[in-house]
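> Given the coordinates of chain L, work out where chain U should sit on it, guided by the hints.
As a plain string of letters, each chain reads:
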Amino acid sequence: MQSVLISLVLLGGLGALFGLLLAFAAKKFAVEADPRIDEIEKILPGANCGACGYPGCRGAAEAIVEGKAPITVCPVGKAAVAEKIGVVMGKAVEAVRPQKAVVLCRGGRTDCPDRFVYRGVPDCRAANRLAGGPKACEYGCLGLGSCVAACPFGAIRMNEEGLPVIGTECTGCGRCVRACPRGIIALIPADRKVEVNACRNRQRGAEVRKICRVGCLGCGLCARTCPEKAITIVENLAVIDPEKCTGCGLCFAKCPVRKDREKEKPAPEERQGEKQAAVEHALLR
Amino acid sequence: MVDLLVIFFSAILINNFVLSRFLGICPFLGVSQKIETAVGMGFAVIFVMGLASAITYIFQRLLLALHVEVLQTLTFILVIAVLVQFVEMVLKKMSPGLYRALGIYLPLITTKCAVLGVALLNANVYNYDFLQSVIHGVAAAVGFTLVMVVFAGSRERWAAAPIPNALRGFPLALVTAGLLSLAFLGFMGFDLKRLFVELLGQG
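Chains as they are written, first to last, in our numbering: chain L, 1 to 285; chain U, 286 to 488.
Just so you know, these hints were derived from the structure itself, not from any lab.
There may be inaccurate statements among the hints.
Claimed, not checked - Computed cross-link-like contacts, DSS-like style, restricted to lysine-lysine with a CA-CA straight-line distance of at most 25 angstroms:
| # | chain 1 | residue 1 | chain 2 | residue 2 |
| --- | --- | --- | --- | --- |
| 1 | L | K28 | U | K377 |
| 2 | L | K84 | L | K68 |
| 3 | U | K378 | L | K27 |
| 4 | L | K84 | L | K42 |
| 5 | L | K68 | U | K319 |
| 6 | U | K478 | L | K42 |
| 7 | U | K377 | L | K27 |
| 8 | L | K68 | U | K377 |
| 9 | L | K229 | L | K254 |
| 10 | L | K28 | U | K378 |
Remember, it's a predicted structure, so these values are computed and weren't measured experimentally.
Chain L with its partners taken away, still in its complex shape (with noise of 0.2 angstroms):
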């Protein structure tokens, strides 16, 4: 019996004693939060991606309230995010672009082959370390998937050339575009109209056709075509304005190299529709 009421008084009291001495803690050691970075890490969309430069969607909302970061920091989350961001801090939103993910390289496994077979680390980082990287294009995508590895949301997968396709869910965080050590993907608004040239060979027309069969040769014929004057010639390459451009296809039509490709491929529309197909095949893209 007195050992029970030992038991009872000790570790009653022990609790007793414990609670009030937390208790006290608490308020003694309380390390004062502003109640608005728990509002606006709720807010983010919590993927904890990085890809506003912070660590993880907590960093980013510490930097909001002390004012280093502006509310549009998110690109994940974009307007909708900022919008109510700016809610708990009082603060308009200035308009925030979105942005997407393109792959600037359509040199699959067919159209321009490995120079040798790679059995390395499964990793495009680490296979272009060796020997300038197993693709005869040093420019092109080495297939190997470090893109898919990085991205958090699960929007690209390899199709069936080895080359990255960047699905829907793109949230333009760009991940991938780190990860890529070949710099073959990039940030473009998700509002664009035209596609880029999705070629980052710089060598002379001659040398890309001896590689790649869908290289941009930089012929320029797309240059002279262009009724906007939006496309120039950079480094072998054509770069589109897009402030000029229109989307009217015309040079998608009159280049070189995807009309090579149209005549092997059977042509899936009629003749006269050939311009709004050229349109439609550049704002799928």
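Using the frame of chain L, we list chain U on its own:
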């Protein structure tokens, strides 16, 4: 002096908490993806196990004096949990730097079996005195950290290794843990006492 050294090194190598006693397996498998987090977790465990060994020693004396040893486990859990909570609060206020380094791991450790294990071993199996208890607690945690870092190091390498799909992730983690355990069992039967006596003279 010799027996303190023996306690210290045998807790690290021979009676390693993770690999010989199978305590603290959860963080061993859970937080060992990267060396960085493994080190963070390790230092938090060293900190908590050292403190817990000290404070539970005092409470063990109290329980013995009152003849209510049955309450041992219950009291130890309570004491350790409160201690960790308290230390976390104090750290947050006094030393934000240390809190950032250990903070996220501290609540995880509160109820770890390894922490309770070291307290119970000190009290029931070894009957260590105060200093021996603390040394044993710290050494057990150092052993835990050592294994965590070794394990995390090998896990980091898997990222770049061609592993069959069936073995990817946990299966290979368990196989590796088993091999590591076998390797540490090699220390079994190693006469540390003789070693230190010879090294230090008859001290």
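> A separate judgement is required for each hint: does it hold in the structure or not?
Going through the hints against the structure:
1. Taken as a hint, the L/K28 and U/K377 pair is honoured in the structure, with Cα atoms around 11 angstroms apart against an allowance of 25 angstroms.
2. Proximity of L/K84 to L/K68 is assessed by CA-CA distance (about 18 angstroms); at most 25 angstroms being required, the pair is judged to hold.
3. In summary, the hint linking U/K378 to L/K27 is supported, as the alpha carbons are separated by about 11 angstroms, within the 25 angstroms threshold.
4. The straight-line distance between the Cα atoms of L/K84 and L/K42 is roughly 10 angstroms, inside the 25 angstroms bound, and the hint therefore holds.
5. For the proposed pair L/K68 and U/K319, the alpha carbon gap of about 30 angstroms is over 25 angstroms, so the pair is violated.
6. Using a Cα cut-off of 25 angstroms, the hinted pair U/K478 and L/K42 is violated, with the two alpha carbons roughly 57 angstroms apart.
7. Between U/K377 and L/K27, the direct Cα distance comes to roughly 13 angstroms. Compliance with the 25 angstroms bound is thereby established for this hinted pair.
8. Between L/K68 and U/K377, the direct Cα distance comes to roughly 23 angstroms. Compliance with the 25 angstroms bound is thereby established for this hinted pair.
9. Note on L/K229 and L/K254: the hinted pairing holds, with a Cα-Cα distance of about 15 angstroms set against a maximum of 25 angstroms.
10. Distance check on the hinted pair: L/K28 and U/K378 sit about 9 angstroms apart at the alpha-carbon level, within 25 angstroms; holds.
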